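Student: In case you want the letters, here they are:
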Amino acid sequence: MALRIDQDHNRFRQIVRGRIKRDLKKYITHSELIGRRGKNLVSIPLPQIDIPHFTFSPHQRTGVGQGEGEVGTVLGSGEPQDGTGKAGDAPGAHILEVDVTLEELARILGEELELPDIQNRGTKNIASDKDRYTGIARSGPESLRHFRRTYQQALKRQIAANLYDPTNPKIIPIREDRRYRSWKVSKQPQSNAAIIYMMDVSGSMGDEQKEIVRIESFWIDTWLRSQYKGIDVRYIIHDAEAHEVDEETFFHTRESGGTVISSAYKLSEQLIQKHYPPGEWNLYLFHFSDGDNWSQGDTEECVQLLRERLLAAVNLFCYGQVESPYGTGQFLVDLKDVFKDEEKVVLSQIENKEAIYSSIKEFLGKGK
Amino acid sequence: MSLPRELAELQKQILGYARSYNLDFYEVIFELLDYRKMNEVASYGGFPCRYPHWRFGMEYEHMKKGYAYGLQKIYEMVINNDPCYAYLLECNQLVDQKIVMAHVYAHSDFFKNNMWFSHTNRKMVDEMANHATHVRRHIDRYGLEVVEDFIDLCLSLEDLIDIHAPFIRREPKRGFAKSDERLAPKKLRSKDYMNDYINPPEFLEQQQQRLDEDARKSRCFPEEPVKDVLRFLTDHAPLEDWQQNILSIIREEAYYYAPQGQTKIMNEGWATYWHSKIMTERALCDAEIIDYADHHSGTVATQPGRLNPYKLGLELFKDIEERWNTGRFGSEYDSCDDLKRKLAWNRNLDQGREKIFEIRRFHNDVTFIDEFLTEEFAARHKLFTYAYNRKSGAYQITNRGFLEIKRRLLQQLTNLGRPIIHVRDGNYENRGELLLKHLHEGVDLRDDYARATLQNLQKLWKRPVHLETVAEEKGKILSFNGKELSEAEVSVESIA
Numbered sequence: 061m062a063l064r065i066d067q068d069h070n071r072f073r074q075i076v077r078g079r080i081k082r083d084l085k086k087y088i089t090h091s092e093l094i095g096r097r098g099k100n101l102v103s104i105p106l107p108q109i110d111i112p113h114f115t116f117s118p119h120q121r122t123g124v125g126q127g128e129g130e131v132g133t134v135l136g137s138g139e140p141q142d143g144t145g146k147a148g149d150a151p152g153a154h155i156l157e158v159d160v161t162l163e164e165l166a167r168i169l170g171e172e173l174e175l176p177d178i179q180n181r182g183t184k185n186i187a188s189d190k191d192r193y194t195g196i197a198r199s200g201p202e203s204l205r206h207f208r209r210t211y212q213q214a215l216k217r218q219i220a221a222n223l224y225d226p227t228n229p230k231i232i233p234i235r236e237d238r239r240y241r242s243w244k245v246s247k248q249p250q251s252n253a254a255i256i257y258m259m260d261v262s263g264s265m266g267d268e269q270k271e272i273v274r275i276e277s278f279w280i281d282t283w284l285r286s287q288y289k290g291i292d293v294r295y296i297i298h299d300a301e302a303h304e305v306d307e308e309t310f311f312h313t314r315e316s317g318g319t320v321i322s323s324a325y326k327l328s329e330q331l332i333q334k335h336y337p338p339g340e341w342n343l344y345l346f347h348f349s350d351g352d353n354w355s356q357g358d359t360e361e362c363v364q365l366l367r368e369r370l371l372a373a374v375n376l377f378c379y380g381q382v383e384s385p386y387g388t389g390q391f392l393v394d395l396k397d398v399f400k401d402e403e404k405v406v407l408s409q410i411e412n413k414e415a416i417y418s419s420i421k422e423f424l425g426k427g428k
Numbered sequence: 099m100s101l102p103r104e105l106a107e108l109q110k111q112i113l114g115y116a117r118s119y120n121l122d123f124y125e126v127i128f129e130l131l132d133y134r135k136m137n138e139v140a141s142y143g144g145f146p147c148r149y150p151h152w153r154f155g156m157e158y159e160h161m162k163k164g165y166a167y168g169l170q171k172i173y174e175m176v177i178n179n180d181p182c183y184a185y186l187l188e189c190n191q192l193v194d195q196k197i198v199m200a201h202v203y204a205h206s207d208f209f210k211n212n213m214w215f216s217h218t219n220r221k222m223v224d225e226m227a228n229h230a231t232h233v234r235r236h237i238d239r240y241g242l243e244v245v246e247d248f249i250d251l252c253l254s255l256e257d258l259i260d261i262h263a264p265f266i267r268r269e270p271k272r273g274f275a276k277s278d279e280r281l282a283p284k285k286l287r288s289k290d291y292m293n294d295y296i297n298p299p300e301f302l303e304q305q306q307q308r309l310d311e312d313a314r315k316s317r318c319f320p321e322e323p324v325k326d327v328l329r330f331l332t333d334h335a336p337l338e339d340w341q342q343n344i345l346s347i348i349r350e351e352a353y354y355y356a357p358q359g360q361t362k363i364m365n366e367g368w369a370t371y372w373h374s375k376i377m378t379e380r381a382l383c384d385a386e387i388i389d390y391a392d393h394h395s396g397t398v399a400t401q402p403g404r405l406n407p408y409k410l411g412l413e414l415f416k417d418i419e420e421r422w423n424t425g426r427f428g429s430e431y432d433s434c435d436d437l438k439r440k441l442a443w444n445r446n447l448d449q450g451r452e453k454i455f456e457i458r459r460f461h462n463d464v465t466f467i468d469e470f471l472t473e474e475f476a477a478r479h480k481l482f483t484y485a486y487n488r489k490s491g492a493y494q495i496t497n498r499g500f501l502e503i504k505r506r507l508l509q510q511l512t513n514l515g516r517p518i519i520h521v522r523d524g525n526y527e528n529r530g531e532l533l534l535k536h537l538h539e540g541v542d543l544r545d546d547y548a549r550a551t552l553q554n555l556q557k558l559w560k561r562p563v564h565l566e567t568v569a570e571e572k573g574k575i576l577s578f579n580g581k582e583l584s585e586a587e588v589s590v591e592s593i594a
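Line by line, the protein sequences are chains A and B.
In terms of my numbering, the first sequence opens at residue 61 and continues consecutively.
In terms of my numbering, the second sequence opens at residue 99 and continues consecutively.
Some clues are possibly wrong.
[What the hints assert, rightly or not] Where chain A lies over chain B, by a calculated footprint (3+ residues, C-beta under 8 Å): (1) 130-141; (2) 247-260; (3) 468-482; (4) 492-503; (5) 510-520; (6) 537-543.
Everything labelled a hint here was simulated from the structure, so no lab data went into it.
A quick note: this is a predicted structure, and the numbers were derived from the prediction, not measured.
Glycine residues also receive a C-beta, built at the ideal position from the N, C-alpha and C atoms.
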């Protein structure tokens with residue numbers, strides 16, 4: 061049943077959406093949202109969508125309470141509420157937490173950054189069969205017998221046949237009474253996109269650089285998830301050697317040592333070969349580094365790997381270069397030289413957190 | 099939807115019990131709602147139909163979430179209307195429904211008999227629906243965003259009413275001197291040499307001053323400060339008809355809700371007092387006692403450091419009943435300094451019940467606390483005052499002295515806990531600008547909100563607007579001219 065309030069509620073959601081959109085840049089550059097991601101929802105703290113009034117300054121406000129305690133006792137960290145006035149006098153109370161689905165957030169991101177929808181490349185939408193127990197059948201294995209339905213049938217039959225004695229209610233099911241749970245097979249679209257994140261964790265990548273990578277990959281994730289049903293994500297870190305790691309390690313490891321970028325590209329090539337046959341998968345490679353490769357020779361190897369192996373397999377290869385005080389940033393220059401006209405290669409320089417916004421746009425703006 | 103038979107029976111029962119205690123109420127119509135509908139009605143402030151506005155949607159979002167996470171559940175909701183409408187939550191237990199019904203009948207009695215409600219519109223359900231129709235019509239005509247923006251402006255100012263206005267008969271305007279001539283005080287006739295005695299110069303001087311003052315006032319607009327700022331705006335701001343209509347709708351609703359704010363402690367205390375009487379003395383059956391106790395204790399539970407109006411009101415009514423039953427009031431009792439005698443004091447007056455009925459007729463929270471909060475009560479219930487400590491960034495207990503507690507409590511209840519703000523001058527600096535004045539009583543305004551509200555005010559008044567206030571012990575005037583905010587210091591004397 062539709063409620064009258066739905067209209068007002070939708071209007072409110074619209075306003076919220078507008079606010080998020082307006083402040084999206086701010087949200088994008090803050091890592092706060094990442095911690096607030098639930099399974100399907102992000103809870104976004106919005107500063108007071110509120111109608112201002114003339115009201116008392118919360119910090120000069122005094123009040124009356126009830127309970128134990130000497131003079132000077134602290135009343136907990138939250139603000140006391142007098143209960144007689146309006147709730148929420150303290151500044152904290154005006155923060156509104158709005159839950160937005162990741163999907164909606166992605167839509168807002170898409171609208172604001174004018175991201176085109178991705179043209180699905182994997183011609184096969186892999187579907188897997190999934191069993192769902194939704195029906196009832198007259199035959200089946202005993203392990204699936206539906207006790208209540210069986211009982212019901214027996215009861216019905218006995219009443220109909222006048223075998224039922226309310227003073228001595230004995231119900232004896234016979235063969236025909238038995239009911240079994242039955243299942244339907246439904247096609248479930250399966251994840252058909254995979255992202256491989258690679259990050260340079262050599263000594264020159266500091267916490268700030270990693271923070272940038274973390275934020276940027278959160279938004280990339282959000283966007284790609286909205287474009288595909290289910291997504292596989294892999295993480296590779298590398299210094300002089302590359303390892304596949306879990307998400308936690310990816311963002312929090314700090315290693316030191318040299319940088320051999322080709323090691324990561326080799327590893328991702330192996331991953332692709334093993335798990336993601338290119339015909340069936342939309343593949344995205346993101347690589348973040350400060351651009352300081354070990355040797356020119358390795359850079360050449362990277363270029364070769366990309367050109368001969370990786371590019372054919374992927375939708376997009378994105379290289380984000382994070383500015384660091386130690387890096388020379390040469391790698392970006394080299395890639396630019398070679399892949400000027402290559403559509404599948406996107407290169408972006410991310411000087412600081414503010415640049416994340418435009419970098420996302422560069423990465424995803426092609427609709428691939 | 100009419101009540102199922104079981105509940106209808108119950109209603110008849112509870113109604114009988116309520117009558118038997120001489121509660122005198124409007125007819126109450128109960129409706130059974132599921133939680134979604136309940137949340138909806140609650141978001142609309144209890145009314146089935148309100149004008150469309152996003153803030154109701156925001157309220158709904160909060161309720162929905164609160165309900166989904168099990169943080170809050172609305173048990174009872176009742177509208178001051180004749181007949182009263184009250185809502186029951188479908189999934190509540192029977193014993194809960196009983197409590198709610200008993201509670202609601204007491205509210206209805208309070209609405210009907212408390213004099214602070216005597217001027218409220220008792221057909222408000224219809225009126226609210228009419229308001230909705232008006233607003234929808236404006237929306238159709240001028241567009242959602244335009245109307246919504248305007249409502250936002252009005253809501254920003256909705257507090258600025260004079261909650262006592264319904265009870266005051268204003269004197270008709272005195273005629274004032276039209277000419278610019280300066281009036282001189284009349285002299286009594288006298289012989290020259292007697293003149294200084296019959297018309298003493300000091301007296302004449304005084305009279306002259308008074309006349310000048312009157313003349314100055316009569317040139318002022320408004321002559322006296324106006325507390326009902328919304329009214330002033332409706333009458334004098336350059337508004338289009340539909341805008342005027344919306345502003346007066348907001349104002350009317352603000353006045354309708356004001357008495358509920360003024361009597362929160364009493365009203366809830368009264369209802370809680372009666373539901374516990376009715377339940378424990380009449381309506382409970384043995385099997386329900388545990389559930390009742392659980393529910394009731396939830397209603398009167400006080401979190402450490404807070405004040406629960408249900409609890410405070412209930413305890414005050416019980417205390418008063420006890421005092422008037424035993425005669426523990428008046429100068430004889432007060433001046434008795436023998437603690438033993440005081441504790442055993444009993445005059446067997448049995449006037450308690452009568453007294454609380456009288457109180458529910460004549461008092462509001464401010465007068466109620468002022469008159470019936472005693473030192474013994476404050477100590478027994480461990481009341482204290484708290485304040486924000488800038489150093490530690492936390493609220494701390496500051497005082498357990500009775501006078502301080504009472505002063506704070508009254509301050510907190512005065513004008514519904516809102517700052518008092520008057521229109522001081524509608525032709526400020528003789529330029530058609532508007533000057534409001536905040537009557538500072540120790541607490542500053544919240545600065546960012548004050549600025550934002552001032553900007554909203556300017557959108558109504560169209561000319562520059564000013565607000566006189568005090569911040570950090572310095573007088574200042576905040577101004578907004580439509581483009582930018584400015585701030586000027588003024589001496590505190592001129593503010594006072």
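Student: Work down the list of hints and note, for each, if the structure agrees.
Tutor: Against the structure, the hints:
As drawn, the region 130-141 of chain B meets chain A at 5 residues by the rule of a beta-carbon pair under 8 Å; at three or more, the given contact holds. Residues of the region 247-260 of chain B with a Cβ under 8 Å from some Cβ of chain A number 7, which satisfies the need for three, so the listed coverage holds. Proximity of the region 468-482 of chain B to chain A, defined as three or more residues with a beta carbon under 8 Å from a beta carbon of that chain, is established by the 4 residues found. Coverage of the region 492-503 of chain B by chain A holds in this model, with 8 residues showing a Cβ closer than 8 Å to a Cβ of that chain against a need of three.
Using a Cβ-Cβ cut-off of 8 Å, 7 residues of the region 510-520 of chain B lie near chain A, which meets the minimum of three, so the contact claim holds. Here the region 537-543 of chain B counts 4 residues with a CB under 8 Å from a CB of chain A, which clears the bar of 3, and the coverage holds.
In this structure, none of the earlier numbered hints is contradicted; all agree with it.
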